[in-house]
Every structure is written in C-alpha cells, then in structure tokens.
Amino acid sequence: MFRKKGKPYKKCSNTNQEFPIIINRTIKMQTLVSKTLAKSAILASLSVVLMSTSCKKDPTVEPVVDDKPSYSIPSTYAFNGSNGLTSVDYAGQTDRINQLVELNNKLKTGDAGQLLSAQALKDMFANVGGNGNGNFTFTSTRQLKDKCFSLDASVYEAIYDSAAVASDSGAVLAVAANGKAGLATRSNNTTVLVDKNGFEFTQKNQKGLMGAVFLYQIFNVYLSDAKIGDAADNTNLVAGKNYTAMEHYADEAFGYFGAPIDFKSNYTGTGTPRYWASYSAEMDAVLGCTDKIMLAFRTLRAAITNKDMVTKNKQRDILYTELEKLVAACIIHYANDVLVETNQGNMLHQLSEMFGFMQGLKYNTVEKRKISNSELTVLFNHLGTNLWNVTSNGLNAIKDDLATRYGLTAVKNTL
Amino acid sequence: MRALLGIFIVALLSCTSCKPKDKEEEKEFDLKGMLANVGDNIIVPAYQNFKSTVDILSVAADTFNNNPTTPHLLSLRVAFKNAYINWQKCDVFEFGPAMDNALRANFNVYPTDTTKITTNVSSGSFNIDVLSNSDAKGFPAIDFLLYGDNQSDAYILSTFTTHTHAANKKQYLLALIAGIKSKTDATVSAWGTYITTFKTSLGYSVGSSAGLLVNAMNSYYERYLRDGKVGIPVGIRSLGIALPRQTEAFYGKFSAELLNASLQSFQNLYLGKYGSTNGLGLDDHLVAYDGAAIDENLRNYLADAVVSCNTLSDPLSQQIINNQTSVEAVYSKLQKVIIPLKVDMPSKLGILISYQDNDGD
Chain A
30 MFRKKGKPYK
40 KCSNTNQEFP
50 IIINRTIKMQ
60 TLVSKTLAKS
70 AILASLSVVL
80 MSTSCKKDPT
90 VEPVVDDKPS
100 YSIPSTYAFN
110 GSNGLTSVDY
120 AGQTDRINQL
130 VELNNKLKTG
140 DAGQLLSAQA
150 LKDMFANVGG
160 NGNGNFTFTS
170 TRQLKDKCFS
180 LDASVYEAIY
190 DSAAVASDSG
200 AVLAVAANGK
210 AGLATRSNNT
220 TVLVDKNGFE
230 FTQKNQKGLM
240 GAVFLYQIFN
250 VYLSDAKIGD
260 AADNTNLVAG
270 KNYTAMEHYA
280 DEAFGYFGAP
290 IDFKSNYTGT
300 GTPRYWASYS
310 AEMDAVLGCT
320 DKIMLAFRTL
330 RAAITNKDMV
340 TKNKQRDILY
350 TELEKLVAAC
360 IIHYANDVLV
370 ETNQGNMLHQ
380 LSEMFGFMQG
390 LKYNTVEKRK
400 ISNSELTVLF
410 NHLGTNLWNV
420 TSNGLNAIKD
430 DLATRYGLTA
440 VKNTL
Chain B
273 MRALLGIFIV
283 ALLSCTSCKP
293 KDKEEEKEFD
303 LKGMLANVGD
313 NIIVPAYQNF
323 KSTVDILSVA
333 ADTFNNNPTT
343 PHLLSLRVAF
353 KNAYINWQKC
363 DVFEFGPAMD
373 NALRANFNVY
383 PTDTTKITTN
393 VSSGSFNIDV
403 LSNSDAKGFP
413 AIDFLLYGDN
423 QSDAYILSTF
433 TTHTHAANKK
443 QYLLALIAGI
453 KSKTDATVSA
463 WGTYITTFKT
473 SLGYSVGSSA
483 GLLVNAMNSY
493 YERYLRDGKV
503 GIPVGIRSLG
513 IALPRQTEAF
523 YGKFSAELLN
533 ASLQSFQNLY
543 LGKYGSTNGL
553 GLDDHLVAYD
563 GAAIDENLRN
573 YLADAVVSCN
583 TLSDPLSQQI
593 INNQTSVEAV
603 YSKLQKVIIP
613 LKVDMPSKLG
623 ILISYQDNDG
633 D
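Residue numbers (my numbering), protein chains in the order written: chain A, 30 to 444; chain B, 273 to 633.
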C-alpha cells in the first residue's frame, strides 16, 4: 500500500541530490526480498534498516512492501515545490485547448449557413498576430499549427479551404446529398455543413486536431524519452520557475488531456472536462478509464517529483495504453451510434466524429501503438472515402477489429 | 490511517459497481426470472412472428413478380401490412443482434425519399446497403411502391407492368423485400444464441440486459413512438405547423393502426405480459424495489395513452389536417409517460440512461 500520507522522504533533513536514487534501489531490493523470503518479520526489520538509513527524523514512516511508490499520491493534480507554491504549469496547453474551441466555433457558423473565410480559419490555426488575426477573444503566444503533427498541418488547412467553398452552398441553404456539399438536417432540426462526401467540417477538424495536436504531443513529445526519459533533467529547477524540466513536461502532457485537476469517475466537481477528458467521462461507465488515466497522470508526476524513475516509467506505459484504448473506445462508440441511428444528418455527424477519432489512432508512437499504419488503412477502407456509401457491414468490421485489438470485445456493443 | 486511505482508494476504484450491489442486498427481486420472461416469452416470439410474416411477404412478392395482377397486388399489400404491424412489436429491441444488423435504419426510415426511389428505379443501379439509401428502402419505401401517392390500383399495377421502368420497379421491390428478409433471418438466428447472453447478463450497470432493455425502451418510446409516429407529424417539432406527410405508412394510410400495435406491445413489454399471461416485468420489479407509486403512474399513464391512441383514425394524416388539436391531445397523453419511464424508473432501479438524444453538439 501507499505510504502513509505525511512527509515525503525528500523533506528529510539529510536529503541531497543523490538521495532519490537510493530510494529507487531500496524499492527494487525490497521487491526482490519480498519474493524470496518469508514476509512480515523480515520486512519489518528491513524497514527499520531502511528508515534508519534514509529518514532518521521520521520514525512514523511505514515500510514499503512492494514496488508501489513510497510517497503519497495526491488525490488531485496539485503539486507544490519546496517553497510551498504550486509547481504545476500547463498554461500553453490550456491556451491551445481554448484556441481549438474558438476555431471550431468559427467553423460551426457554417453549420447555420454563414459564409466561412478560409483565411480567417487558417489565421486562427496559426494564431497570426497572437490573436488569430483578430479572430480569437484572447491573446497568446501559442498556436495549434506548429504543434500539429507536421505532415498533417496541411490537411487541416485544406479542410478550411473546402469548408469555405462548401459554405457558399450552405449560404444558399443547399441540401447536402451524395456527391453534393451543403447542409444536412439532424433529428433536432439543426443543420450541419458537410462536404460532397458527407464529412462534417467541424467534426473532422475538432476530433482530428484532438489527435493531430493533443495526442500527438502527449505521445510523441511530452511522454517521450527526450522529455521525461530517465536521462532528462529532473534535478535543476527551470530558470525562474518552480519545477524541473521533467516535472513541467509531465504537466504539459496532462494539460493536453483537458481535465480539471480533481477530475475522476462520476465527476461532480466544478471544473469542466474538455476534449479527451470529456470523452473519457463519456466512455467511463463502460470503459472505467477516467480513474485509471487520472491516477496514472498523478502518479507519474508524483514519481518524477520524488525521483522515482521506475514508477514514472510504469505510469508512462499505462498512459500510452489507456489513452490509445480510449481512442478506440470512442470509435466503437460512434460506430454503435450510427448502427442504431435513422436520421442521415445524425449519421453523417456521428461518422465524421468516428472518422476524426480514427485519425487519432495513428498518433501513438511506432513502438507503443497497437495498430500499424497499414492495419489502420484497412479500417479506413471499411469506412470508405464517401460517408454516404458507408454500410453496416463496414462499421461492424471496424468494431470487431478494434474490439479484438484493444481487448474491448466484452463491451463492444455497449460502448 | 493507512487502512483508511486504502479503503478510500478501493472505494474510489470500485464506485461504479457499488450502487447496484447495495440494491441487491437490500431488496429482493427475481431479475433472472424477469429477463427469462421478457426474452423467452416476449422478444424471441416477437421476432419469430415477424419473421413468418416477412416470409409470407417474400412469397407474395415473388408471386406478384411472376404474375403482376390486381388480386396479387392486393394480397401483396395485405402481406406487407401484416409484416409492418409485426415489425412494430420488434422495433423497440434495438440492441444486440438488432444493432448488429442496424434493423431500424434498414427497415423503417420515414418519410421515405420518393425522388431517390424514383431515381434508383429508373437507373436500375443501386446498392440498398449504403447510408445514402437508408431513406429509400425498408417498409416506408415499399409503402410508396405498392400504394403510390393517392393513385388508383389500376395505375399502380401499370407501373409494374406497362410503364417504361416497370421491370426495374419490380426488381427494386424484390430487392427491398429481400433486404428485409435477410436482415430478419440474421437477427432471428443471432437471437438463438444471444438469448442466453440476454438472460444471464444480470445487474443494472451499463451493458447489463436490464440496462440495455430500459435504455432501448426509452430511446424507442421517446424518439420513435412519441415523436416519430405522432409528435413530428402533428407539428410538435415545427412550431405547431402540421407535417401530415411525415406519418408512418403515409401512402398505405394505416398509421394509427401501426401506432396502436406499437404502443400495445410496449405496454405489454412493461408489464411482462404475453397472450393472457402476465409474467414478471418491469412493473413487478418496481414494486419489489419500493417503487409501487412509480409503477402505478406508469401503468395508468400507459393505459391512458393506449385509450387515447385508440381514438385516432386512419388515415392519420387526414385527421391531423382535419382536427390537429385532437392529435395534439394524444401526444400529451404519450408525453405524460416520459417522466416515470425515463427518470423515475431508471433511478429507482439504478439504471443509467446512457443513450444520446442527439440534441447536443
């Protein structure tokens, strides 16, 4: 079990830079010992030895009985530096989440038949002039485009171009049909602007960038060895900041998840889960993903702060696995929605979401991902390039593949 | 202290499952018995009856195709109507095999797109399985093919015999009926094994049979029964402007008959009733779970709605035009069922309503 909530080891007066490594060694050693020797008495005496070597001034420290962290994991994503002030900072990620909200809202005006400007959308994507060339309600030095998987940035600019062209049809209330861009009416009588193949621009953009920016950055940048591998700097505070570089990178990964710091299953807090966190909440009843992901993020950060590289790496693997599984669950969820849907506008909407989430599967690292590019191509072929031609057989083929691949067979019909 | 922390973490991790467990400990109800009753005595027979009417429809279509005469047209219409009525008793079960086969989207999207049907017929080239044809197939499309828009029997017959695209039209009719038959057969066959899953997925969590059933009932009742059959045609979603052409079976003019079949079987499903036997149903479940008041509301409101719907006459589209207020009154009776059905019952049984009503993003 976790160590009693109290002073972490590093608060001990004899703490020095080398100390955390000693902790890691003792954890490993204990695991080994606990496997080979009879338990309690030996462990108790061992813990006495440990305490005497590492934390003399804290006699209440509990023994560590397995390789679980020997420090407390906070119940929310809140961490303080040694000066008692918060050491968490992911303002850049929050900015980009806010930018996607406003960019997508701009795109959404096309759903109501307004004309769209491709340039305005591109300016927002690249955050021209720090305020999207006057299109954002706030200023920021950050942008979505330069954090987008580089080969895909042009894909999104092309979406803005074709959305602007299609908005000419939307503006004259042209009805979307197979081969014809225009407005598709949903069951709630609202309309959505779709291209000639039935793809809804806002969904393609929003779900797409959730993958191309947020997931891509989490998987390939912030959880990478370059940023939080064992050799990354976790010793020196970043100049003028309250955190080490490694701590900050973990925070930035968490920032892209879009969760309030107290996010959990059946969340009733005052924060708003956004993007991936909101989908985690949506899938949670069936997938049980939210607590797993949040615990992994919190433990990852606590491990880094406590220089516990073994636990850190373990949590990183959990995040790689669970976040990719969440993407797969979202795809299956939308396939199910379409299978029981009867309104074509709703179907196109749901399929566009599904398509966007399917893009998300390509952003995990080559080493970690459970689906290769060619395997993913097979799934895209089942969907086809024209949503008007989607069949239930195609949807079921996608569902079955993902369910098997991600261990979701038991829940594939209830997601 | 440490133990407390441990308990807290365990509770945190397992909190999705603890609510129904508490209920099971406190209260006694034979959920297994209810699922067996609903599965064995209601769902499976409903699909089997439907399948036999589809088989008859298929044979009648072949007969008509080989020998398109007025008597064969009339008997084909009878077979069509009978299958359509029996579909009403299955439509609510859109989970498991029905979801795999996307039955609702394949069988009953209306209003049907008559322009698309005409295009498909004249081109003779179409794939009825694709999304774009979901409003050009199933019962509503057959309804249009067999009855036409206020045209004489002689004229309809001629569209299958002497018109330019008569052969194509026969081919289209056969393709639509074959589509219904193959998906029906697949669903009935899948229920052969799924029935075991259905009867043994106990509990109330998302994905349990009780969860699936209650969600399917709500989704169906709200969107397809209340809105689709009555609300939308009478103008509830269009600022009171009636849309009579959006009634079900608009061309065959037996909308009210379908509504009554649907609501009657919905009521029986709630009660666990089949034939004259009243088996274990959700009503008994509510009573056992200290929800007798909810059950009383639901039973009364459903009974009121049944009585009210029986006052409707076909063609319903005509009644909407002649006396919109009378149909709005029926809608109100249907509406009254929603709160106990969608809020009170799920909350009493610990079931999460998890389907999306698509009013969001």
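These aren't lab readings, by the way, just hints derived from the structure by calculation. For every residue, glycine included, the Cβ atom is placed at its ideal position computed from N, Cα and C. Keep in mind that a hint or two might mislead.
[Claimed, not checked] Away from chain A, derived, C-beta distances all over 12 Å, residues of chain B:
no. : residue
1   : Pro317
2   : Ile357
3   : Asn373
4   : Leu403
5   : Ser404
6   : Tyr419
7   : Tyr427
8   : Leu446
9   : Ile467
10  : Gly479
11  : Leu484
12  : Arg495
13  : Ser585
14  : Ser619
15  : Lys620
16  : Ser626
[Unchecked claim] For lysine-lysine, the following BS3-like pairs were computed, each having C-alpha atoms within a straight-line distance of at most 30 Å:
no. : chain 1 : residue 1 : chain 2 : residue 2
17  : A       : Lys293    : B       : Lys614
18  : A       : Lys293    : A       : Lys209
19  : A       : Lys321    : A       : Lys225
20  : B       : Lys442    : A       : Lys321
21  : A       : Lys209    : B       : Lys388
22  : B       : Lys388    : A       : Lys137
23  : A       : Lys225    : B       : Lys353
24  : A       : Lys209    : B       : Lys442
[Claimed, not checked] Here are some of the chain A residues that sit facing chain B, going by a computed Cβ distance under 8 Å:
no. : residue
25  : Glu186
26  : Ala203
27  : Asn207
28  : Val369
29  : Phe409
30  : His411
31  : Thr414
32  : Asn418
33  : Ser421
Outcome of the hint check:
Annotated as non-interface, Pro317/B keeps its C-beta farther than 12 Å from every C-beta of chain A; the closest such distance is 22 Å. Distance check on Ile357/B: its Cβ is at least 19 Å (rounded) from any Cβ of chain A, clearing the 12 Å threshold; non-interface status holds. Not every Cβ of chain A is farther than 12 Å from the Cβ of Asn373/B; the closest lies at roughly 7 Å, contradicting the non-interface assignment. Interface exclusion of Leu403/B from chain A breaks down, the closest Cβ pair being 5 Å apart, not more than 12 Å.
Remark: the non-interface label on Ser404/B conflicts with the geometry, its nearest Cβ contact in chain A lying 4 Å away (cut-off 12 Å). With a least CB separation of 21 Å from chain A, Tyr419/B remains clear of the 12 Å interface cut-off, as annotated. The beta carbon of Tyr427/B sits about 29 Å from the closest Cβ of chain A, which is more than 12 Å, so the claim that it is off the interface holds. For Leu446/B, the requirement that its beta carbon stay farther than 12 Å from each beta carbon of chain A is met, with the minimum near 20 Å.
Every CB of chain A lies more than 12 Å from the CB of Ile467/B, the least distance being 15 Å, so the non-interface label holds. Taking the minimum C-beta to C-beta distance to chain A, about 3 Å, the non-interface status of Gly479/B is violated against the 12 Å cut. Separation of Leu484/B from chain A is inadequate, the least Cβ-Cβ distance of about 7 Å not exceeding the 12 Å criterion. Look at Arg495/B: its CB is around 7 Å from the nearest CB on chain A, not clear of 12 Å, so calling it non-interface is violated.
With a closest Cβ-Cβ approach of about 26 Å to chain A, Ser585/B is found to remain outside the 12 Å limit, as its non-interface label requires. With a cut of 12 Å on Cβ distances, Ser619/B stays outside the contact zone with chain A, its closest approach being about 15 Å. Its beta-carbon lying about 18 Å from the closest one in chain A, Lys620/B satisfies the requirement of being farther than 12 Å from that chain. The claim that Ser626/B lies off the interface is violated: its Cβ sits roughly 6 Å from the closest Cβ of chain A, which falls inside the 12 Å cut-off.
With a C-alpha separation of about 26 Å, the suggested pairing of Lys293/A with Lys614/B holds against the 30 Å cut-off. Only pairs whose Cα atoms come within 30 Å are accepted, and Lys293/A paired with Lys209/A is rejected, the gap being roughly 43 Å. Restraint check: the Cα-Cα separation between Lys321/A and Lys225/A comes to about 40 Å, which exceeds 30 Å; the hinted pair is violated. Distance check on the hinted pair: Lys442/B and Lys321/A sit about 57 Å apart at the alpha-carbon level, beyond 30 Å; violated.
With a C-alpha separation of about 14 Å, the suggested pair Lys209/A and Lys388/B falls inside the 30 Å cut-off, and the hint holds. A threshold of 30 Å between alpha carbons decides the hint, and for Lys388/B with Lys137/A the separation of about 29 Å falls inside it, so the pair holds. With a C-alpha separation of about 37 Å, the suggested pairing of Lys225/A with Lys353/B is violated against the 30 Å cut-off. The suggested pairing of Lys209/A with Lys442/B holds, with an alpha-carbon distance near 29 Å, which does not exceed 30 Å.
Using the Cβ-Cβ criterion of 8 Å, the hint placing Glu186/A at the interface with chain B is not satisfied: the shortest such distance is roughly 23 Å. A hinted interface residue such as Ala203/A counts as satisfied when its beta carbon comes closer than 8 Å to some beta carbon of chain B; here the least separation is about 15 Å, so the hint is violated. Of the supplied interface hints, the one on Asn207/A holds, with its beta-carbon coming within about 4 Å of a beta-carbon of chain B, less than 8 Å. A distance limit of 8 Å between C-beta atoms decides the matter here; for Val369/A the minimum to chain B is near 5 Å, and the interface restraint holds.
Residue-level restraint check for Phe409/A is violated (minimum Cβ-Cβ distance to chain B is 16 Å; threshold 8 Å). At about 13 Å, the closest approach between the beta carbon of His411/A and any beta carbon in chain B exceeds 8 Å, and the interface hint on this residue is violated. Taking 8 Å as the C-beta cut-off, the interface hint given for Thr414/A is violated, the closest approach to chain B being about 13 Å. Hint status for Asn418/A: holds, given a least beta-carbon distance of 5 Å to chain B, under 8 Å.
Hint on Ser421/A holds. Least Cβ distance to chain B is approximately 4 Å, under the 8 Å limit.
Hint violations for this structure: numbers 3, 4, 5, 10, 11, 12, 16, 18, 19, 20, 23, 25, 26, 29, 30, 31, all remaining hints satisfied.
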